[in-house]
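Q: This is what each chain is made of:
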Amino acid sequence: MAYSEKVIDHYSNPKNVGTLDKASKTVGTGLVGAPECGDVMRLQIEVDETTGIIKDAKFKTFGCGSAIASSSLATEWLKGKSVDEAVKIDNMDIVEELNLPPVKIHCSVLAEDAIKAAINDYRKKNGLEELMFEEKGVH
Amino acid sequence: MLKLPIYLDNNATTPMDPRVLEAMIPYFTEHFGNAASRNHPFGWEAEEAVDYAREQVAKLIGADPKEIIFTSGATEGDNLAIKGVFEMYASKGNHIITAVTEHKAVLDTCKHIEKAGGEVTYLNVKEDGLVDLKELEAAIKPTTVLIAIMYANNEIGVIQPVKEISAIAKKHGVLFFTDATQAVGKIPVDVIKDGIDLLTFSGHKMYGPKGVGALYVRRKNPRVKVTAQMDGGGHERGMRSGTLNVPGIVGFGKACELCRIEMEEDTKRISQLRDKLENSLMQLEEAYVNGNKEHRLPHVANISFKYVEGEGLMMGFNKNIALSSGSACTSASLEPSYVLKALGLGDDLAHSSLRFGLSRFTTEEQIDYTIKAISETVLKLREMSPLWEMYKEGIDLNSIEWAHH
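In order, the protein sequence lines correspond to chains B and C. According to the working numbering, the first sequence is numbered sequentially starting from 16. According to the working numbering, the second sequence is numbered sequentially starting from 78.
Read the hints as simulated data drawn from the structure, not as lab findings. For clarity, every value in this text was computed on a predicted model and none was experimentally measured. Be careful, since some hints might not be right.
To be verified - Listed below are the simulated DSSO-like cross-link pairs for lysine-lysine, each with C-alpha atoms no more than 30 Å apart in a straight line:
#1 B:K139 with C:K469
#2 B:K94 with C:K469
#3 C:K469 with B:K131
#4 C:K396 with B:K21
#5 C:K160 with C:K188
#6 C:K457 with B:K131
#7 C:K469 with B:K140
#8 B:K21 with C:K457
#9 B:K94 with C:K457
#10 C:K457 with B:K73
#11 C:K169 with C:K302
#12 C:K247 with C:K136
#13 C:K136 with C:K297
#14 C:K457 with B:K37
#15 B:K70 with C:K469
#16 B:K96 with B:K40
#17 C:K469 with B:K30
#18 C:K457 with C:K80
#19 C:K181 with C:K287
#20 B:K73 with B:K131
#21 C:K203 with C:K240
#22 C:K396 with B:K30
#23 C:K418 with C:K203
#24 C:K80 with B:K21
#25 C:K449 with B:K30
#26 C:K469 with B:K40
#27 B:K73 with C:K396
#28 B:K73 with C:K469
#29 B:K21 with C:K449
#30 B:K30 with C:K457
#31 B:K73 with C:K449
#32 C:K457 with B:K70
#33 B:K37 with C:K469
#34 B:K103 with B:K70
Just chain B, with the same shape it has in the complex (with noise of 0.2 Å):
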């Protein structure tokens, strides 16, 4: 299968790959996926209090090129975003953006998910209520 330009991208320059202190109350964690199905995500963000906006977002990824991509580009689009905002990023957003065929789509709802993750993570953690999703149903 041939890669789209932006996914060769993202895999060869990935933005934002690194660990953020999981213990701190102002980061969000969310670690989606399972090693069995090929691919695992883990994606944080760092929420500046008094603002409310994301200042810092980084991920890891174990699985192919098109799920490294979907976290790269979900860290970017997360930066100087504020939590509210985020929570709106549909991954048919990620599809499009990178390309990804039909095959490749639940790369693209992992990284969504891995965002709700951190999100409800970041929330619980400062005494918020956790949100519901709705199940996307495409894995």
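Got chain B sorted already, so can you dock chain C onto it with the hints?
A: Just chain C now, with coordinates in the frame of chain B:
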């Protein structure tokens, strides 16, 4: 100068040897006759060429030329052998024994047999990929007509104990068929010494052309017969109708002859390169060789690099190095390799595997490049892998409740 890309997917297909092409060319234009045209020189020439090729093919596996049925390739041979025996020996029984790590051409043919009212036992394999001989013998019933076990596996290269299997088959009066597609031309295969009743192999896995192969059908002790699966002009002793692919057969014959003459030296060189590749890559942490290392084809290595995913790994170099992965993502299905899973590998290790297949044309320079490129990519992706980080922190990945999707 090193020429890129490098081809290390020789279990899928091999490049054709230029000497094979040279032998074939006259049979496309100049000597174009139909080998079945018995009454003019064009036919005689073609028939003579086919007869010569039949000798070259037979000689490589220690068979008599009369025991060689030309086919379109190994898949056809698998179908003809299994369906052909099942139908021919229907009065004796309807049970076939095979193994879960067989090629799809065998497994799917067996599924067809089950639909046609046959019974099939699929043997599991041991952790090293070899069949358990006791289990095999215990699976034999009065109704068993055929044991179908491959000579060497296409994904991990392990060589089955063919002599022992044939001895068990003989003891119980059961026929033994082997798909030897990956073995013939690479290691010595002898239908007499190995006690094989039927054997299939293919030209394009041994530096010959695509679209041509052979099925060996034993003529003596016992005389084996198969029911034709393709009806027509009664070619190939009535077992496989269809005008013979003369240029393909000529090339196939030449490829067999070259393998017979050059196998020993090729093997010595190729296995050294394979060992260099494998030993160097095993210097990486958490790398595992899949399958039995002792009973293995000299040109094959299958290695899992834990905590990196196979397709993601290949993307790091697949513009420059061609090989294949046991990862699900490389195939249309999302399941990882069923062969690796049969060895008891977890899905995570199966997802992390690469298969290397070297050839007569592989050079040391190519291997050196490959070692470097793969090592660098593994290290880079591990830096990016959350699983690697957890492993390094001493977290047991099995203790985590993964969200399966």
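Q: Indicate, hint by hint, whether the structure satisfies it.
A: Hint check results:
1. Between the alpha carbons of B:K139 and C:K469 the distance comes to roughly 27 Å, so the proposed pair stays at or under 30 Å and holds.
2. With a C-alpha separation of about 28 Å, the suggested pair B:K94 and C:K469 falls inside the 30 Å cut-off, and the hint holds.
3. Restraint check for C:K469 and B:K131: satisfied, since their Cα atoms lie roughly 27 Å apart, inside the 30 Å limit.
4. Straight-line distance between C-alpha atoms of C:K396 and B:K21 comes to about 16 Å, which keeps the hinted pair within the 30 Å bound.
5. Taking the CA atoms of C:K160 and C:K188, the gap is near 11 Å; set against the 30 Å cutoff, the hint holds.
6. A C-alpha spacing of about 27 Å is found between C:K457 and B:K131, which places the hinted pair at or below 30 Å, so the restraint holds.
7. Between C:K469 and B:K140, the direct Cα distance comes to roughly 26 Å. Compliance with the 30 Å bound is thereby established for this hinted pair.
8. A distance of roughly 19 Å separates the Cα atoms of B:K21 and C:K457; the hinted pair therefore holds under the 30 Å criterion.
9. The straight-line distance between the Cα atoms of B:K94 and C:K457 is roughly 24 Å, inside the 30 Å bound, and the hint therefore holds.
10. The suggested pairing of C:K457 with B:K73 holds, with an alpha-carbon distance near 16 Å, which does not exceed 30 Å.
11. This hinted pair checks out: C:K169 and C:K302 have alpha carbons roughly 13 Å apart, not beyond 30 Å.
12. The hinted pair formed by C:K247 and C:K136 meets the criterion: a straight-line CA distance of about 24 Å does not exceed 30 Å.
13. Note on C:K136 and C:K297: the hinted pairing holds, with a Cα-Cα distance of about 17 Å set against a maximum of 30 Å.
14. Restraint check for C:K457 and B:K37: the C-alpha separation of about 23 Å stays at or below 30 Å, so the hint holds.
15. For the hint pairing B:K70 with C:K469, the CA-to-CA distance comes to about 28 Å; that is within 30 Å, so the pair holds.
16. Under the criterion of a C-alpha separation no larger than 30 Å, the hint pairing B:K96 with B:K40 is consistent with the structure, at around 18 Å.
17. Of the pairs offered as hints, the one joining C:K469 and B:K30 holds, with about 22 Å between alpha carbons and a cut-off of 30 Å not exceeded.
18. For a cut-off of 30 Å, the pair hint linking C:K457 to C:K80 stands: about 24 Å separates their Cα positions.
19. Straight-line distance between C-alpha atoms of C:K181 and C:K287 comes to about 18 Å, which keeps the hinted pair within the 30 Å bound.
20. Distance hint between B:K73 and B:K131 is fulfilled; the C-alpha atoms sit about 14 Å from each other, no more than 30 Å.
21. With a C-alpha separation of about 18 Å, the suggested pairing of C:K203 with C:K240 holds against the 30 Å cut-off.
22. Distance hint between C:K396 and B:K30 is fulfilled; the C-alpha atoms sit about 22 Å from each other, no more than 30 Å.
23. Annotation: proposed proximity of C:K418 to C:K203 holds, straight-line Cα distance about 11 Å (limit 30 Å).
24. Of the supplied pair hints, the one linking C:K80 and B:K21 holds, its CA atoms being roughly 27 Å apart against a limit of 30 Å.
25. For the hint pairing C:K449 with B:K30, the CA-to-CA distance comes to about 24 Å; that is within 30 Å, so the pair holds.
26. Simply put, C:K469 and B:K40 have alpha-carbon atoms about 24 Å apart, close enough for the 30 Å limit, and the pair holds.
27. Proximity of B:K73 to C:K396 is assessed by CA-CA distance (about 28 Å); at most 30 Å being required, the pair is judged to hold.
28. At most 30 Å may separate the alpha-carbon atoms for a hinted pair to count; B:K73 and C:K469 meet this at roughly 19 Å.
29. With a C-alpha separation of about 26 Å, the suggested pairing of B:K21 with C:K449 holds against the 30 Å cut-off.
30. Pair hint B:K30 plus C:K457 holds up; C-alpha atoms about 14 Å apart against a cutoff of 30 Å.
31. For the given pair, B:K73 sits about 28 Å from C:K449 by alpha-carbon distance, which is consistent with the 30 Å threshold.
32. This hinted pair checks out: C:K457 and B:K70 have alpha carbons roughly 26 Å apart, not beyond 30 Å.
33. For the hint linking B:K37 to C:K469, the alpha-carbon distance of about 16 Å falls within 30 Å, and the restraint holds.
34. With a C-alpha separation of about 17 Å, the suggested pair B:K103 and B:K70 falls inside the 30 Å cut-off, and the hint holds.
In summary, this structure violates none of the numbered hints.
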